[in-house]
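Engineer: With the hints as constraints, model all of the structure from the sequences given.
Sequence lines, in order, name chains A, B, C and D.
Taking this note's numbering, the leading residue of the first sequence gets 1, the next gets one more, and so forth.
Taking this note's numbering, the leading residue of the second sequence gets 1, the next gets one more, and so forth.
Taking this note's numbering, the leading residue of the third sequence gets 1, the next gets one more, and so forth.
Taking this note's numbering, the leading residue of the fourth sequence gets 1, the next gets one more, and so forth.
In case anyone wonders, no lab produced these hints; they're calculated from the structure.
A couple of the hints might just be wrong.
Restricting the straight-line Cα-Cα distance to at most 25 angstroms, the calculated cross-link-like pairs of lysine to any residue (SDA-like) are [said to hold, decoys possible]:
1. Lys195(A) / Ala258(A)
2. Lys31(A) / Ile324(C)
3. Lys259(A) / Ser191(B)
4. Lys344(A) / Pro289(A)
5. Lys6(D) / Ser17(A)
Below are the chains, spelled out letter by letter.
Number of protein chains: 4
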Amino acid sequence: MTLSTKELILNQERNVSLSCMLLPVGDDYGKITRRPAVLILPGGGYSVCSDREAEVVAYPYLTAGYHAFVLRYSVAEHRTWPNPLNDYEHAMELIRANADEWNLMPDKIAVIGFSAGGHLAACAATVAKNKPNAAILGYAALELGIAQACQPGTEIIAPVDHIDGNTCPCFLFAARDDNVVPIQNSLNFQSRLAKFGIQFESHIYAYGGHGFSTGAPSVIGTGICDRIPNWVNDSIGWLGDVLGCLTADGIGNPVCPAKIDGNNEMVLNVDCTLGYLQQQEQAQAVLAPVFGVIDAVIRGRFTNVEGAYSVLRPATLRSLMITIGKSGEDIASLDCLLRKIPNKKE
Amino acid sequence: MTLSTKELILNQERNVSLSCMLLPVGDDYGKITRRPAVLILPGGGYSVCSDREAEVVAYPYLTAGYHAFVLRYSVAEHRTWPNPLNDYEHAMELIRANADEWNLMPDKIAVIGFSAGGHLAACAATVAKNKPNAAILGYAALELGIAQACQPGTEIIAPVDHIDGNTCPCFLFAARDDNVVPIQNSLNFQSRLAKFGIQFESHIYAYGGHGFSTGAPSVIGTGICDRIPNWVNDSIGWLGDVLGCLTADGIGNPVCPAKIDGNNEMVLNVDCTLGYLQQQEQAQAVLAPVFGVIDAVIRGRFTNVEGAYSVLRPATLRSLMITIGKSGEDIASLDCLLRKIPNKKE
Amino acid sequence: MTLSTKELILNQERNVSLSCMLLPVGDDYGKITRRPAVLILPGGGYSVCSDREAEVVAYPYLTAGYHAFVLRYSVAEHRTWPNPLNDYEHAMELIRANADEWNLMPDKIAVIGFSAGGHLAACAATVAKNKPNAAILGYAALELGIAQACQPGTEIIAPVDHIDGNTCPCFLFAARDDNVVPIQNSLNFQSRLAKFGIQFESHIYAYGGHGFSTGAPSVIGTGICDRIPNWVNDSIGWLGDVLGCLTADGIGNPVCPAKIDGNNEMVLNVDCTLGYLQQQEQAQAVLAPVFGVIDAVIRGRFTNVEGAYSVLRPATLRSLMITIGKSGEDIASLDCLLRKIPNKKE
Amino acid sequence: MTLSTKELILNQERNVSLSCMLLPVGDDYGKITRRPAVLILPGGGYSVCSDREAEVVAYPYLTAGYHAFVLRYSVAEHRTWPNPLNDYEHAMELIRANADEWNLMPDKIAVIGFSAGGHLAACAATVAKNKPNAAILGYAALELGIAQACQPGTEIIAPVDHIDGNTCPCFLFAARDDNVVPIQNSLNFQSRLAKFGIQFESHIYAYGGHGFSTGAPSVIGTGICDRIPNWVNDSIGWLGDVLGCLTADGIGNPVCPAKIDGNNEMVLNVDCTLGYLQQQEQAQAVLAPVFGVIDAVIRGRFTNVEGAYSVLRPATLRSLMITIGKSGEDIASLDCLLRKIPNKKE
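Structural biologist: Dropping the structure here:
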């Protein structure tokens, strides 16, 4: 019933290994039969895998009840893209394949990456075959310039360019004064996540530079702003929001949907926003009755009708139907009709 | 020695008032002879000034030793721009004019604005004559669309379009799922602050919608993520970083410069970044010696020279000179030479 | 709808005043029609009322939605006991008499006292006619020696000697190295609260000396341990536990009973502990059936029967009946029988 | 450079084992060449060693940079006292003997015990040959009644009866409504620590019953008060206070002396309290000059001379000499004289 640790060699030649820290289940944890997990990807500019962003990051997640893994991926002479991404795919496949044996939930696995490891984690979140269920990106290299600086002359990609409606929820953190990976990396990534309606949370701290890891005094010492160490527990809270909160009674339901609205689904639906649905010509007939009621309500309540519409366009049709008093049945029935209409993205 | 409160009428006709909460100084606070202050701008779509974003926001700042003011600016039929901005200018002038009488530090005054009040606070931070020394922007309306929705047909401006090198440091917070003011408002504002090298901190929380104020249970109830109430103390920590930390011994020195680098000064200087200085032709002669040393060091340490340069370009010349072992005297002397050269922004 | 402040003179001759800070209700706080309150009693050795333990203490409670009052009671030449206690009685009567006008809950009023003000608060909690509903006692003078040191030659009492089953719930905090009021004051007070089954919480911090007030940097500066400022929010959490948690939806139900068990009620009941009931001869006939079942269960489960009894004696009969599977009806019915038997305390 | 884990069998026959979790030093932790450590003693009434109070407790201390050990001591049929204490002595000897190999600081080792393990930890703190340097006692069985209930008929001892001037600093926590180990156990232990001038910190939470371990949701679920999980980080802060704070720059100096005053030293000294020194007849000649100055100052400042003396008696002579302006040299010189006088405890 102790912590079970082991180190698996994934690729001897490239020096790729997976360090596994598995918590007990059952017995004293009667109602926990499986656990969610984190897979940690250390930074180091694809030259090394920094020990300061490896096992030391795992302990707070073990405290919270998550199994933890650290992947030491291909670096230095083996760094050439897509070697590191292939290592990630290998590791994630292996973890999910062992879900039964290791008592883990294969659909509740988050990656946590720092700097170059954050580049790799963001590639996992966007282009990997084996996507994680959430990604935590610490002062991550997300744009092409900085990525290429790590791997000049290779085919390395910029994850910010590959965000789409299938990207997993992301948690970003960095320091404003990062002078290695410019803060625009995290900012532009968020803007793209917003464009595609993906769930995210982000914390940009006033100062702390690059490479502060957990921000714990025993890891980084001094020179970072007081608030930086908060990212660790904040990320655990956020994982609970998007994967479900783990308690002694087992895992709960997520309170945050992975997507903010339905605008990026294959078909239209009541979780699309009002503004989006207004532009879908093929849906106007189906929507006419409810749009009529909404319009009447707006005109009844506001003198500044256009202003009201501006404010309400980002709201989902579901939330508006609830506001105007439509029943759950009405909503479900309209959703059913909308889902017959393909979503034509421009 | 109690809290001194009063309500000043700034404009009877437009129903503009300034609620003042002044803390004692001296005596039991022997070394505090003056205090920093916050000026709170409630939200309400320029239709009302919400009481939930007014005095209730002041108490935590009083706890931290800041005088607090609430401005109820022109709304409803008096909202027409620039009435609210004029109200702000009036209030800030009055506060600074009373600095001696009210025992406040006229150069340590932050604005705190929510939603439409965040629009006004951001206008204060960018275009006002009487700039604040820091701005805290909560789920703020920063782009033109949402601003115009509040005031259709007026000459209202979008603060995001007016950020420049003179903008004051900003602290932003919002919820990812804000369905009134789209999250892009806060994201794009940060991107512009980054472009101009302005100090900022930001916290985008997974969920909480619009209008959560302090997030205290007695204000907002339920339905927001656990981390939201943290913005209050985080903002107080940040004010300490950028204005100086207030203790019983008086106010300390700021640990965060208002600007990340010197790229937006009138003249060149050693706090400009390497990349920026490399592009200033008129400075190459002055810089040649130190650039030579830096180049030698890079070539000595890294095989991937271009990669190293990519990573080092966002660093300030000062930080690089420290790294290569230059003395404070050397740095001061080069700074002196650089400051004779006008900064030609493209 | 601003904070309403006023200062009431309670006794001109003795310089007694009540500073009132009243929060708005209704409107933007639709479901809050009344609020709980705190009455702050500053310290100062009955020589002064320290401003550092007065209004500055109120702000965090205002943040949490409590009305706040500061009583400046009789000190210096007017200190003679029971003048300060009479001032307290006067203030509490006045506050409760104005409950309707001030929108406060007369049965949800806590006192907060520091040092000599903690002595007064503890007297309020134990011997006052107008008991508070909870008491927060900061580095309080609770024993006779220190109390007499403040008021030599007067009839001043030691609240620790007056604790009984009617004492209200208490929250205590102090620093281990207090060299003005020895830490035994807080320790012995807790022991007496425990003896009488009264609810309490306590935090004794490693170091911080005497008189640290809220521990906020702007109040106390340096030299206290990092954890001290936590008492403020911890006390607010505790008030929520014992008075009910205040949210935008109004006040909830307390989760902590004011008494740990029923051993100090006038009559016996199912919330008395097993050990206590075993010693009440007059109740043995009524208890025989359930005691028989409990005994059988213990003998069935444990080989060390006496050890099991030792551990179970502090448990309430109610909790044991639930454990052995008795229905709510059974419990209520036995409670009814027990309540006909007077509780004979030795 | 990963976490090194191993399980050592200390006594095969009695099923005693030591689970070791050793952090890396050097390299990425350049200035940390040795680490402090915690030795965890799970609870379980000497019948079992609960897994919920074992490795799961270690992770937060690993996060803070401490090596961690879990001792599974003699329980069930092997429980007979002093078997568990002998297991502890064995484990602590082994850990200290391996200090060089395991890169740990042999004089910075804390025990952490829960319930019956708290009994064992408190015995370690008071009567063991191999004392720990600090002890963290969670809802610990400290008095004879509860100890005997765990081990009827054995020679088990009550640690509360063995506190003296050599007891190590202690951190205690428990819930007010613990219905297994009555709260008086923790209260009386503190009173004895206070009597002997030992450093301690304590947190008694309003509710949470018995056995809540770290209070993390994934360990205990629900039904405990919100503040309980704070004990973990508070204990880490306290360890930093009494052992020295661990940062990336190595370990700092303790800010809290292990003893509050010098009253329990073998010889008199300037860290004895005024009240204590006043009663040491053999020291009056040496003390007469400084006592004269103190008396003059008191009479000059206070009309209530006896009151002033009452308040000042718990202060150390050192602090009073500083207050009246004596130089460090004067203090050292008097200390030298006092240390020639044996401390005669009544």
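Engineer: Compare the structure with each hint and give your call.
Structural biologist: Consistency of the hints with the structure:
{"no.": "1", "hint": "Lys195(A) / Ala258(A)", "in the structure": "holds, 14 angstroms"}
{"no.": "2", "hint": "Lys31(A) / Ile324(C)", "in the structure": "holds, 22 angstroms"}
{"no.": "3", "hint": "Lys259(A) / Ser191(B)", "in the structure": "holds, 23 angstroms"}
{"no.": "4", "hint": "Lys344(A) / Pro289(A)", "in the structure": "holds, 22 angstroms"}
{"no.": "5", "hint": "Lys6(D) / Ser17(A)", "in the structure": "holds, 20 angstroms"}
Comparing the model with each earlier hint shows no violations; every hint is respected.
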